[in-house]
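Chains as they are written, first to last, in the working numbering: chain A, 39 to 530; chain B, 39 to 530.
These are computed hints drawn from the structure, not numbers from a lab.
Please note: incorrect hints may appear among the correct ones.
Because identical chains share one entry, a pair is satisfied inside a single copy or across any pair of copies.
As the list claims (entries may be wrong) - Below, computed lysine-lysine pairings styled on BS3-like, alpha-carbon distance capped at 25 Å: (1) K205 x K218; (2) K205 x K215; (3) K50 x K103; (4) K478 x K379; (5) K462 x K442; (6) K439 x K529.
2 protein chains.
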Amino acid sequence: MNPYYNIDDLLKYGNQALDLIGETYQNLEKERVVPDVEPGFLRQLLPENPPQKGESFEDILNDTKTKILPNLTQWQHPNFYAYFPCNMSSAAIIGDMISLAFNSPGFTWIASPATTELENIVADWIVKMMNLPEKFLLKNSGGGAILASIGISIFYSIHAGKYRKMKELGIDLTDPKSLKFVGYYTSLSHSENQRGLLVKDIPYRRAVPVHWNEKIKNFSIDVQEFREMVEKDISDGLIPFWCGATIGTTPCGSVDPIPEIAEVCKKYGMWLNVDAAWAGGAFVVPELRQEYGAGLEEVDSLTINFAKGTMSGNGSALFFVGDKKVYNESLGGKINPEYLKNKFTEENDITDYKDWQLGLGKRFNSLRLWFVIRKYGVEGLQKNILDKIELTKYFESLVTKSDKFTLVCKRSLNLICFRMIKDKDGNIIPEDKLNEFNRKLLELINLSGHYYLVGSEINGLYFLRFTPGNHNTLNQHIDALWKHIEECALKL
Amino acid sequence: MNPYYNIDDLLKYGNQALDLIGETYQNLEKERVVPDVEPGFLRQLLPENPPQKGESFEDILNDTKTKILPNLTQWQHPNFYAYFPCNMSSAAIIGDMISLAFNSPGFTWIASPATTELENIVADWIVKMMNLPEKFLLKNSGGGAILASIGISIFYSIHAGKYRKMKELGIDLTDPKSLKFVGYYTSLSHSENQRGLLVKDIPYRRAVPVHWNEKIKNFSIDVQEFREMVEKDISDGLIPFWCGATIGTTPCGSVDPIPEIAEVCKKYGMWLNVDAAWAGGAFVVPELRQEYGAGLEEVDSLTINFAKGTMSGNGSALFFVGDKKVYNESLGGKINPEYLKNKFTEENDITDYKDWQLGLGKRFNSLRLWFVIRKYGVEGLQKNILDKIELTKYFESLVTKSDKFTLVCKRSLNLICFRMIKDKDGNIIPEDKLNEFNRKLLELINLSGHYYLVGSEINGLYFLRFTPGNHNTLNQHIDALWKHIEECALKL
Numbered sequence: 039m040n041p042y043y044n045i046d047d048l049l050k051y052g053n054q055a056l057d058l059i060g061e062t063y064q065n066l067e068k069e070r071v072v073p074d075v076e077p078g079f080l081r082q083l084l085p086e087n088p089p090q091k092g093e094s095f096e097d098i099l100n101d102t103k104t105k106i107l108p109n110l111t112q113w114q115h116p117n118f119y120a121y122f123p124c125n126m127s128s129a130a131i132i133g134d135m136i137s138l139a140f141n142s143p144g145f146t147w148i149a150s151p152a153t154t155e156l157e158n159i160v161a162d163w164i165v166k167m168m169n170l171p172e173k174f175l176l177k178n179s180g181g182g183a184i185l186a187s188i189g190i191s192i193f194y195s196i197h198a199g200k201y202r203k204m205k206e207l208g209i210d211l212t213d214p215k216s217l218k219f220v221g222y223y224t225s226l227s228h229s230e231n232q233r234g235l236l237v238k239d240i241p242y243r244r245a246v247p248v249h250w251n252e253k254i255k256n257f258s259i260d261v262q263e264f265r266e267m268v269e270k271d272i273s274d275g276l277i278p279f280w281c282g283a284t285i286g287t288t289p290c291g292s293v294d295p296i297p298e299i300a301e302v303c304k305k306y307g308m309w310l311n312v313d314a315a316w317a318g319g320a321f322v323v324p325e326l327r328q329e330y331g332a333g334l335e336e337v338d339s340l341t342i343n344f345a346k347g348t349m350s351g352n353g354s355a356l357f358f359v360g361d362k363k364v365y366n367e368s369l370g371g372k373i374n375p376e377y378l379k380n381k382f383t384e385e386n387d388i389t390d391y392k393d394w395q396l397g398l399g400k401r402f403n404s405l406r407l408w409f410v411i412r413k414y415g416v417e418g419l420q421k422n423i424l425d426k427i428e429l430t431k432y433f434e435s436l437v438t439k440s441d442k443f444t445l446v447c448k449r450s451l452n453l454i455c456f457r458m459i460k461d462k463d464g465n466i467i468p469e470d471k472l473n474e475f476n477r478k479l480l481e482l483i484n485l486s487g488h489y490y491l492v493g494s495e496i497n498g499l500y501f502l503r504f505t506p507g508n509h510n511t512l513n514q515h516i517d518a519l520w521k522h523i524e525e526c527a528l529k530l
Numbered sequence: 039m040n041p042y043y044n045i046d047d048l049l050k051y052g053n054q055a056l057d058l059i060g061e062t063y064q065n066l067e068k069e070r071v072v073p074d075v076e077p078g079f080l081r082q083l084l085p086e087n088p089p090q091k092g093e094s095f096e097d098i099l100n101d102t103k104t105k106i107l108p109n110l111t112q113w114q115h116p117n118f119y120a121y122f123p124c125n126m127s128s129a130a131i132i133g134d135m136i137s138l139a140f141n142s143p144g145f146t147w148i149a150s151p152a153t154t155e156l157e158n159i160v161a162d163w164i165v166k167m168m169n170l171p172e173k174f175l176l177k178n179s180g181g182g183a184i185l186a187s188i189g190i191s192i193f194y195s196i197h198a199g200k201y202r203k204m205k206e207l208g209i210d211l212t213d214p215k216s217l218k219f220v221g222y223y224t225s226l227s228h229s230e231n232q233r234g235l236l237v238k239d240i241p242y243r244r245a246v247p248v249h250w251n252e253k254i255k256n257f258s259i260d261v262q263e264f265r266e267m268v269e270k271d272i273s274d275g276l277i278p279f280w281c282g283a284t285i286g287t288t289p290c291g292s293v294d295p296i297p298e299i300a301e302v303c304k305k306y307g308m309w310l311n312v313d314a315a316w317a318g319g320a321f322v323v324p325e326l327r328q329e330y331g332a333g334l335e336e337v338d339s340l341t342i343n344f345a346k347g348t349m350s351g352n353g354s355a356l357f358f359v360g361d362k363k364v365y366n367e368s369l370g371g372k373i374n375p376e377y378l379k380n381k382f383t384e385e386n387d388i389t390d391y392k393d394w395q396l397g398l399g400k401r402f403n404s405l406r407l408w409f410v411i412r413k414y415g416v417e418g419l420q421k422n423i424l425d426k427i428e429l430t431k432y433f434e435s436l437v438t439k440s441d442k443f444t445l446v447c448k449r450s451l452n453l454i455c456f457r458m459i460k461d462k463d464g465n466i467i468p469e470d471k472l473n474e475f476n477r478k479l480l481e482l483i484n485l486s487g488h489y490y491l492v493g494s495e496i497n498g499l500y501f502l503r504f505t506p507g508n509h510n511t512l513n514q515h516i517d518a519l520w521k522h523i524e525e526c527a528l529k530l
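So here's chain A without its partners, still in its complex pose (with noise of 0.2 Å):
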C-alpha cells in the first residue's frame, strides 16, 4: 500500500473526519462563539518544529479536536451574528471532498475538460437561476467564472475597466494620459473596492458620499452628486474609467442606486462593476431579484459570493462579465508557452480559465457548488434564503417593540441595524452620548464570548449590525439574545 495514498487509511480516518465534523456541529451550541484565547496562543500549544518522523492520523486527529476547533471563531454557530453568515451544507463538505480528491487544475480546458466545463454549466445555471441579464450565458458575449474571491474579482474589473477605456483611447501603458484616471466607489462599498484601486495604482480614487435617504429609509448616494463629480472630474481633465457600486452594503445592507449609476457611466464610458456579494444570493428568490437587482442588464461586471447565503462554503465567489473578449484580452488571454498550448485551445470556441485570472491552478469549486444546486433544488435554495429573512423579520419585531431601542434604517434582507436611544432609566441618551454608549453595549454583549455581532458606523452614526444565517438559529435563539442584549443595557 503506497505510503502517501494509502486508501483504507483515507476510508478509516476520513470516516473519523466526519465523525469529527458531526459531533463539533452537535456540540457547537455549548461552546463559545468566540474563543477565549490571546494573540500567540497556539505558538504554546504546538510544537515549535514540525516532526521529523510521521505521525499518527489518531493524534493529528485528536490535536484537532481539542486544539484547533475549540479555537475558532465559530462561523456555523447559531449565535453568529457578525459581518455576514456564511453558512454551510452537507452538500457543499460532500461535493468538496471529491472536488480536491484528484487535483486536476483546470487551467486549460485539455487540463482537465469536466473541470472546466462543470463550472461553465453551474455558471450558467446560475444565471438562469437568478433570472441574471442572458449576456452573462457563456453562449452571449458574456459568462461566469468561480474566482478565488470576492475582491480579486473587483479588482479584475478595475483592471478590465482601465484596459478598455485605453483601449477606447487608443493610448499605452507610457501615456501620460494613464496618470488622469480616476475611479468610483460608493462610500458605503465594500473596502476591497479601495483596496483594488490602489491596488491597481489608479491615482483618483473616490468615494461618493451616501447621505440619509428618507424615501428608502436607508443611506444611499445622490446620483446627481456622482455626476456632477464625474463632471467635475472630466473638466479637471481627468478620466473616469470605473465605478465600483453595490447591491447589499456591508454597513447597512443599502443598494446602490444601480439604474441611474449604470446610466452615468454608460455616458461616460466607466466600467461598472456591482458587488452582490452578499445579497445576490437572494436573487435565486423573484420577488427579491426584482426588488432588489435593479438594472443589472447594464452593468459590465457583477460579483456574487456564494459562501455567504447559499451555502457553498469558501471559494465560492462567482464573478460575470457583460463582455468576456475584451475580459480575457486586459488578461493577456493570448499569453500560451509551448506546454499550455493544445490544439482544442487553438481550434475550439472554448474556455481556458487560466485567461479569466492571474495563477493558473483552480481548485474543482464547481463541483461544490454543483452539489450544492441539485441537492436542494432551486426551491431549497429559495427557502434558505426566505427563512433567514423570517428570523430576521422576529428581531426586528423585537426592536421595534422596545422603546429602549430603535431601527437604524430599513431591514436589508437578513441583515438588521440598530441602536439605544434610551438608557436604563428610560432617558434618552443625548445625541453627543450615542455612540460611546452603543459602542459600550456592544462591547458588552460580546464580552461573554456567547454571541458575536458587530457594529457599523456611517456619517459619525454607530450603530450595531445583527444577522442571522445559520441554519440552527431558531427563535428561541433569537430571544435568548434579546434578553442578553436587555440585560447588557440594564449595565450601561
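Chain B: place on chain A using the hints.
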C-alpha cells in the same frame, strides 16, 4: 433534522464519497489519462437548467461517478507526465475535509484565531524544515502566507516592488516617473511573470534571454547581459524596480543564477521575486536545498507550491516576503472599516491575513498542510521527493541508452527533457526537420489518451518533457511508456 445541515446525511453520503474516491483511485490505471471527449461534451450529459426540486445524494454521487470523474484529465494517474505533477495524499484529503466544514474565514485574527495562528505556525515550520532564510520567520522582518495561487503571489511581489520603489523615489501615483518603470523576468520563467507585469500595467517588460550554458548543461541567462539591459534602461531614463527569476523553470527545469541576479537587483534597488513553485518542494532535502537553493538569503520574496511535489493539493501556494511591513503597506493594510476594527488588531502585533492579499475570504488551507507535514513528517516529505527523482533517473537511463533519443539538457529533479534525433532507420534527422519530427512524436504518444506528456520549446528548439510524480508510478510504468515511445517513433 435541519434540511441543509443534516448530520446523518453527512456521515452516510460522506462515507459514500470516500468510497467513490477510493474506488476511483484503485481503478485509475485502467482508465485513460486524458478523456476521449470533445469540447461541449458535458452539456450533452447534464440538464440545461438547474433542478427546481432538490435531488438525492445517490443521484448526484452517481452522476459524479459516471459523468464527471471519468472526464477529468487524471492528474493522479500513474501515466501522467505532463506539466508538473501535483501529487495528492490521504492526509491532504482528510485535512481538507475539516478545513471547509466550519467555514471560518480568518481575515482578521479575531475572525478566527486558530485559522490565523495555524497559518502562522505552518509557514514558520516550512521555513525551518526547508532551511529558508531566517528573515522569512514571522518573528523576524518577514513571514509567509498561503495565498490563492503562485500567479497571484508573483503579481503581489510586482505590486510591492513598485510600491517600495515609489516610496524610495518619493513619488506618488500621479508622477510621470511611474510611466518609466521597467520590470524584468528571465525568459524561461513562468508566463505568470509576464502576465503579472501586464496586469500591473508596467509599461516596459523585458524578458531576459537565455542561452545554452555548457557548464550547467542547461539554458540560462547571462547575468552580464542582464546587467547591461538594466544599465541601458537606466541610461534611457527608465526605472528598473522588479525582477522575476525562477528556480526550476517549467520549460526545462533550469535554475536561474540567483546570487548573481540578486547582486544586480540589490545594486539597482529592484525587488527580486524567486518563483520556486515546483522545485522549491525539494528544499526539504538538505542536499537539494544546497544544490538548488543558492542565494535565497538575498531575495525579497519567494514562492513555493506545496501542491506540486508536496502532496498538499490545490490551494497550497506559499508566499514568503522578507519585509512584511512594506508588503502589507503596499496592499493598503490600514484599510479597516468599522466592521473590521477590533482591539486585537489595534493592540497586538498580529497577522490579519486580509492585509496579505486582495479579498477577505480565505479558506483554512493551513489545516491541510499541517495534516500533510505531520502525517509524513520531514522524513516522509524527503522520501517522496527522492523517490520521484529515482523514477526520473530510471527514465534518464533509458534515454541515454538509446541512440535514437537524446537528453536536451541535464536532468533537473524529476524533470527530463528529451528528443528524438534519429529516425526509425537510424538516420540522423536533419536539423530543420527535428522540431516537426518531435512534435509529431508527441502527438502520437498522447494519441491513445493513455499517456500524457507535454512539449516545450526554447530558442526554437522543440523537445518533449517527462516528469513523473504520482505515487503509483513505478519503474514498470516507465518501461511501458518507453516501449510506447519507441513504437510511436517507428511510425514516424
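Hints, one by one, checked against the model:
1. For the homomeric pair K205 and K218, the shortest alpha-carbon distances inside one copy (15 Å) and between copies (20 Å) are both at most 25 Å.
2. Proximity of K205 and K215 under a CA criterion of 25 Å is satisfied in both settings, with 12 Å inside one chain copy and 22 Å between copies.
3. In this assembly of identical chains, K50 and K103 lie within 25 Å of each other by CA distance both inside one copy and across copies; the values are 17 Å within and 21 Å between.
4. Within a single copy, K478 and K379 get their C-alpha atoms only as close as 60 Å, which misses the 25 Å cut-off; across copies the closest is 14 Å, which meets it.
5. In the homo-oligomer, the alpha carbons of K462 and K442 lie at most 25 Å apart inside one protomer (8 Å), although the nearest pairing across protomers, at 91 Å, exceeds that limit.
6. Only within a single protomer do K439 and K529 lie at most 25 Å apart by alpha-carbon distance; the minimum there is 21 Å, versus 85 Å between protomers.
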